[in-house]
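Engineer: Residue numbers (the numbering used here), protein chains in the order written: chain R, -16 to 147; chain X, -16 to 147; chain F, -16 to 147; chain P, -16 to 147.
There may be inaccurate statements among the hints.
For identical chains, the list gives no copy identity; a pair is met inside one copy or between any two copies.
[Stated by the list, open to error] As a list, the in silico BS3-like pairs of lysine-lysine whose alpha-carbon atoms are at most 27 angstroms apart:
| # | residue 1 | residue 2 |
| --- | --- | --- |
| 1 | 140 | 84 |
| 2 | 14 | 127 |
| 3 | 70 | 14 |
| 4 | 145 | 84 |
| 5 | 145 | -15 |
| 6 | 147 | 57 |
| 7 | 84 | 127 |
| 8 | 147 | -15 |
| 9 | 98 | 57 |
| 10 | -15 | 34 |
| 11 | 127 | 57 |
| 12 | 145 | 25 |
| 13 | 14 | 49 |
| 14 | 25 | 147 |
| 15 | 76 | 127 |
| 16 | 98 | 140 |
| 17 | 147 | 127 |
| 18 | 127 | 25 |
| 19 | 145 | 14 |
| 20 | -15 | 136 |
| 21 | 14 | -15 |
| 22 | 25 | 140 |
| 23 | 34 | 98 |
| 24 | 136 | 25 |
| 25 | 145 | 57 |
| 26 | 14 | 136 |
| 27 | 140 | -15 |
| 28 | 41 | 76 |
| 29 | 140 | 53 |
Calculated directly from the structure, the hints in this document are not laboratory data.
Source: prediction; values computed, not measured.
4 protein chains.
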Amino acid sequence: MKVKIFTVGGTIDKVYFDKKSHYEVGNPTVKGILDEANVTVKLEIESLLHKDSLDMNKEDRETVAKAIRKEENKAILVTHGTDTMVKTAMCVKKTIKGSNKTVVFTGSMTPAIFKSSDAEFNIGGALIACQILPPGVYIVINGKIFDPEHTVKNVVKGCFEKMK
Amino acid sequence: MKVKIFTVGGTIDKVYFDKKSHYEVGNPTVKGILDEANVTVKLEIESLLHKDSLDMNKEDRETVAKAIRKEENKAILVTHGTDTMVKTAMCVKKTIKGSNKTVVFTGSMTPAIFKSSDAEFNIGGALIACQILPPGVYIVINGKIFDPEHTVKNVVKGCFEKMK
Amino acid sequence: MKVKIFTVGGTIDKVYFDKKSHYEVGNPTVKGILDEANVTVKLEIESLLHKDSLDMNKEDRETVAKAIRKEENKAILVTHGTDTMVKTAMCVKKTIKGSNKTVVFTGSMTPAIFKSSDAEFNIGGALIACQILPPGVYIVINGKIFDPEHTVKNVVKGCFEKMK
Amino acid sequence: MKVKIFTVGGTIDKVYFDKKSHYEVGNPTVKGILDEANVTVKLEIESLLHKDSLDMNKEDRETVAKAIRKEENKAILVTHGTDTMVKTAMCVKKTIKGSNKTVVFTGSMTPAIFKSSDAEFNIGGALIACQILPPGVYIVINGKIFDPEHTVKNVVKGCFEKMK
Chain R
-16 MKVKIFTVGG TIDKVYFDKK SHYEVGNPTV KGILDEANVT VKLEIESLLH
34 KDSLDMNKED RETVAKAIRK EENKAILVTH GTDTMVKTAM CVKKTIKGSN
84 KTVVFTGSMT PAIFKSSDAE FNIGGALIAC QILPPGVYIV INGKIFDPEH
134 TVKNVVKGCF EKMK
Chain X
-16 MKVKIFTVGG TIDKVYFDKK SHYEVGNPTV KGILDEANVT VKLEIESLLH
34 KDSLDMNKED RETVAKAIRK EENKAILVTH GTDTMVKTAM CVKKTIKGSN
84 KTVVFTGSMT PAIFKSSDAE FNIGGALIAC QILPPGVYIV INGKIFDPEH
134 TVKNVVKGCF EKMK
Chain F
-16 MKVKIFTVGG TIDKVYFDKK SHYEVGNPTV KGILDEANVT VKLEIESLLH
34 KDSLDMNKED RETVAKAIRK EENKAILVTH GTDTMVKTAM CVKKTIKGSN
84 KTVVFTGSMT PAIFKSSDAE FNIGGALIAC QILPPGVYIV INGKIFDPEH
134 TVKNVVKGCF EKMK
Chain P
-16 MKVKIFTVGG TIDKVYFDKK SHYEVGNPTV KGILDEANVT VKLEIESLLH
34 KDSLDMNKED RETVAKAIRK EENKAILVTH GTDTMVKTAM CVKKTIKGSN
84 KTVVFTGSMT PAIFKSSDAE FNIGGALIAC QILPPGVYIV INGKIFDPEH
134 TVKNVVKGCF EKMK
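One chain only, chain R, in its complex shape:
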C-alpha cells in the first residue's frame, strides 16, 4: 500500500520567528519525523501550502480538496494547522462523498522542532490510521479518532473534542 502525504502548514511546521522574521511556517517537518522513526512504508510527500490555518481562505481549502480529489492513492494523510482543521476536513468530506479514499488530517499543538512536542506521536497515529480506517475523512490527533462533522477544537484545553 502506498500513502500520499499532503502538507499544508500549521503549528507542526512553525519555526522560530520574531519581529524581524519574514516567515513563520517553515518547511514541512513530516519527512524528518518519518526518517527518525525509521518508517519503511511506501509514501510520497507533496507540499501544497505553508500556511497558519488561521490565514487560510476558501481558495486554500479548495486547493487541498482538489489535490485530494485528483490523487490516485487511496490512503491519504494531511498535515494541517489545528485551528481550522475541522473546516478544511469538512470541505474535503463534502467534495469526496462516495469516494473510496481514507483521508486523515493531523497536526500538532506544539511545533515539531520543540524538545517536547506532540508532533511525532500524532504523525505516528495518523499514518497508521490512514492505512486501516474505512473510506472517509477523519481527524486523528492526540491518541483519538474524530469525525470532523462532530468535532471542535477546545482552544482553552488545547485539544480536540466531540461536539456536545
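With chain R held as given, fit chains X, F and P onto it using these hints.
Structural biologist: Leaving out everything else, chains X, F and P in the frame of chain R:
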C-alpha cells in the same frame, strides 16, 4: 473506550548504564510520552516486567499472556523489547484464540530518552491501532501493522518485515 | 563563590502560544538548564523582566543596571535578549565603573525549548566566565568572550562580532 | 586565538547498540555540539581514542599526554570519560610542567545523544575556560573549575568535588 497498557521493558525503556550500573531497563517511559502528546484517552498503565526481551523466558511470556487473558478492557497495548516481540505476540495469540480483544505490541529501536527516537511515533501508532483494529494480536511499529505469525525482525536493517 | 543570576527575557526564554499563534517570553529557562547540567555552584536566580530585548526602553536597562549595582555577590550572570544586549551591557558598564564585579551577559539565538538550541552551551560558557574573568562587563556567547564596547550583533549571520 | 580539541571517548560519546544491547563509544559528538551552538571560534578537532575511561591503560594516557606536548596551540580542550579523567589530567599535568599551555578536560555524565544531557553545557564551559584560564591543567565540568590534583569524582552523586 478505555485502553489498557502493559509495559514489559525493552529498548524503549532503556536508561544509560555503564560497567558500574546495576540496572538497564528503567521505569516505563510510555506515561511520559502520553503526557507530552496531550493524550486524553481513558487509559490504565500496568508494569508487568522490566526486562530486555533477550532475557525473557517462558515464564515471563506466560506472565504477559495471563495478564492479557484476565484483562477486562478490549483494547490492549503492550510495550515490549523488539528482539523477541514476535515470540511473545505469538504466545499471546495462541492463548487468546477466539477472544474479542485487540492486542497491539510495540516498542522502539532507540530508547525513548534519546534526542532522536522512534518511541513517540510508535506509541502514537499503536495507541490508535488498538482502538480501531478488529480483534486479534498485532505488532504495530515504524508505521506498519504486522501479523506476528508472518513477521520477523530484520536485525541488520533494524526494522520489522513480512516473512518471505 | 556564589553566583547571582539575573534574568531579563529574550529569545532564550521564548515559548510558543498556540492560542495566539506567536512566540512570547515565558518563565526563565536558566534554572532548568542548570538542573539538567547537574550544576552544584552556589547560586541565586532573580527574575527582573520578561522582555524581548527589542521592547526594552531606557527605564528597563536602568532596572538591570540598578539591580547589579545593589548586588552583593561579585560574580554576576545576566540572561538577556540578543538584539539589544550590547546596549544594556554598555549601560551597565558605565554605571559600575571601577567596581570589583564581574558581569557576564549571555542569551541565545534559539529558544531553550527547541530540540536544537545554543542555550545550554551559552549558559555553560557564561557561568564559567563570570567565575574567572577579572572585574568588568562582558558578553559571553557562542564560544567567545566579547567586550561590549567593541561588539555588534551580526543579524544576518546570527552571531556576535568584534566591531570593525 | 585557535583552540585544539582532542577527543578521547567517554560517556559523552556513548551510543546505544541494539544488536548487542549495550552502550559503546561512538564518534565524537563535540563537532555537532559546536555546530548547534553556532560557534565561530577557530578550532581543530583531533580524535585520539574512542575509549570508555575505565578501559584506559598507561599507554592510552601517555598517548593523550604526548599529543598535548607536541601540540602547537596553547588553548587545548580534551573530551574524556569522567571515571578516570582525574588520572589522565594528572598524567598530563606532570608531563607539561612549566609549559605555557592551558589544558582543560571535560566530558559528561550523560551521553550527548540523550534528550537531557550535561554535554552541551560542559563543552560550553570548557571552551570558554581554555581560552581564558592561565597556563595549567584543569577539569571544567558542571559549572565548576577543578585542579585535578585536589579533585575526585563522587560516583554516588554523579559530580566532581574538591578532595577533603
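Engineer: Now look at each hint and say whether the structure bears it out.
Structural biologist: Here is how each hint holds up against the structure:
1. In the homo-oligomer, the alpha carbons of residue 140 and residue 84 never lie at most 27 angstroms apart, since the shortest distance is 31 angstroms inside one protomer and 32 angstroms across protomers.
2. With identical chains, the CA atoms of residue 14 and residue 127 are at most 27 angstroms apart both within one copy (22 angstroms) and between copies (16 angstroms).
3. In this assembly of identical chains, the alpha carbons of residue 70 and residue 14 lie at most 27 angstroms apart only when taken from the same copy (25 angstroms versus 32 angstroms across copies).
4. In the homo-oligomer, the alpha carbons of residue 145 and residue 84 lie at most 27 angstroms apart both inside one protomer (23 angstroms) and across protomers (25 angstroms), since each shortest distance falls under that limit.
5. Proximity of residue 145 and residue -15 under a CA criterion of 27 angstroms is satisfied inter-copy only: 16 angstroms between copies versus 30 angstroms inside one chain copy.
6. When the C-alpha separation of residue 147 and residue 57 is checked against a cutoff of 27 angstroms, the pair qualifies only between copies, where the shortest distance is 26 angstroms, while the shortest distance within a copy is 31 angstroms.
7. For the identical chains of this complex, residue 84 and residue 127 are neighbours both inside a copy (20 angstroms) and across copies (19 angstroms), given an alpha-carbon limit of 27 angstroms.
8. For a Cα distance limit of 27 angstroms, the shortest separation of residue 147 from residue -15 across copies, 20 angstroms, qualifies, whereas the shortest one inside one copy, 36 angstroms, does not.
9. For the identical chains of this complex, residue 98 and residue 57 are neighbours neither inside a copy (33 angstroms) nor across copies (34 angstroms), given an alpha-carbon limit of 27 angstroms.
10. Only within a single protomer do residue -15 and residue 34 lie at most 27 angstroms apart by alpha-carbon distance; the minimum there is 26 angstroms, versus 35 angstroms between protomers.
11. Within a single copy, residue 127 and residue 57 get their C-alpha atoms as close as 21 angstroms, and across copies as close as 16 angstroms, so both meet the 27 angstroms cut-off.
12. In this homomeric assembly, residue 145 and residue 25 come within 27 angstroms of each other (Cα to Cα) only across copies, at 14 angstroms, whereas the closest approach inside a single copy is 32 angstroms.
13. Taking identical chains as interchangeable, the C-alpha atoms of residue 14 and residue 49 lie at most 27 angstroms apart only when both belong to the same chain, with a minimum of 23 angstroms there against 40 angstroms between chains.
14. Taking the shortest alpha-carbon separations for residue 25 and residue 147, only the inter-copy value of 18 angstroms comes in at or below 27 angstroms, while the best intra-copy value is 38 angstroms.
15. When the C-alpha separation of residue 76 and residue 127 is checked against a cutoff of 27 angstroms, the pair qualifies both within a copy, at 19 angstroms, and between copies, at 26 angstroms.
16. Proximity of residue 98 to residue 140 under the C-alpha cut-off of 27 angstroms is found in both arrangements, the shortest distances being 20 angstroms within a copy and 24 angstroms between copies.
17. In this assembly of identical chains, residue 147 and residue 127 lie within 27 angstroms of each other by CA distance solely inside one copy; the values are 16 angstroms within and 34 angstroms between copies.
18. Taking CA atoms no more than 27 angstroms apart as the test, residue 127 paired with residue 25 passes in both settings, with 24 angstroms inside one copy and 10 angstroms between copies.
19. Taking identical chains as interchangeable, the C-alpha atoms of residue 145 and residue 14 lie at most 27 angstroms apart only when they sit on different chains, with a minimum of 24 angstroms there against 30 angstroms within one chain.
20. For the identical chains of this complex, residue -15 and residue 136 are inter-copy neighbours only, at 22 angstroms across copies versus 30 angstroms inside a copy, given an alpha-carbon limit of 27 angstroms.
21. In this homomeric assembly, residue 14 and residue -15 come within 27 angstroms of each other (Cα to Cα) only inside a single copy, at 15 angstroms, whereas the closest approach across copies is 32 angstroms.
22. Proximity of residue 25 and residue 140 under a CA criterion of 27 angstroms is satisfied inter-copy only: 16 angstroms between copies versus 35 angstroms inside one chain copy.
23. In this assembly of identical chains, the alpha carbons of residue 34 and residue 98 lie at most 27 angstroms apart whether taken from the same copy (22 angstroms) or from different copies (22 angstroms).
24. For the homomeric pair residue 136 and residue 25, the shortest alpha-carbon distance between copies (19 angstroms) is at most 27 angstroms, but the shortest distance inside one copy (31 angstroms) is not.
25. Proximity of residue 145 and residue 57 under a CA criterion of 27 angstroms is satisfied in both settings, with 26 angstroms inside one chain copy and 22 angstroms between copies.
26. In this homomeric assembly, residue 14 and residue 136 come within 27 angstroms of each other (Cα to Cα) both inside a single copy, at 26 angstroms, and across copies, at 24 angstroms.
27. When the C-alpha separation of residue 140 and residue -15 is checked against a cutoff of 27 angstroms, the pair qualifies only between copies, where the shortest distance is 21 angstroms, while the shortest distance within a copy is 35 angstroms.
28. In this homomeric assembly, residue 41 and residue 76 come within 27 angstroms of each other (Cα to Cα) only inside a single copy, at 15 angstroms, whereas the closest approach across copies is 50 angstroms.
29. In the homo-oligomer, the alpha carbons of residue 140 and residue 53 never lie at most 27 angstroms apart, since the shortest distance is 36 angstroms inside one protomer and 35 angstroms across protomers.
Hints 1, 9 and 29 from the earlier list are contradicted by this structure; the remaining hints agree with it.
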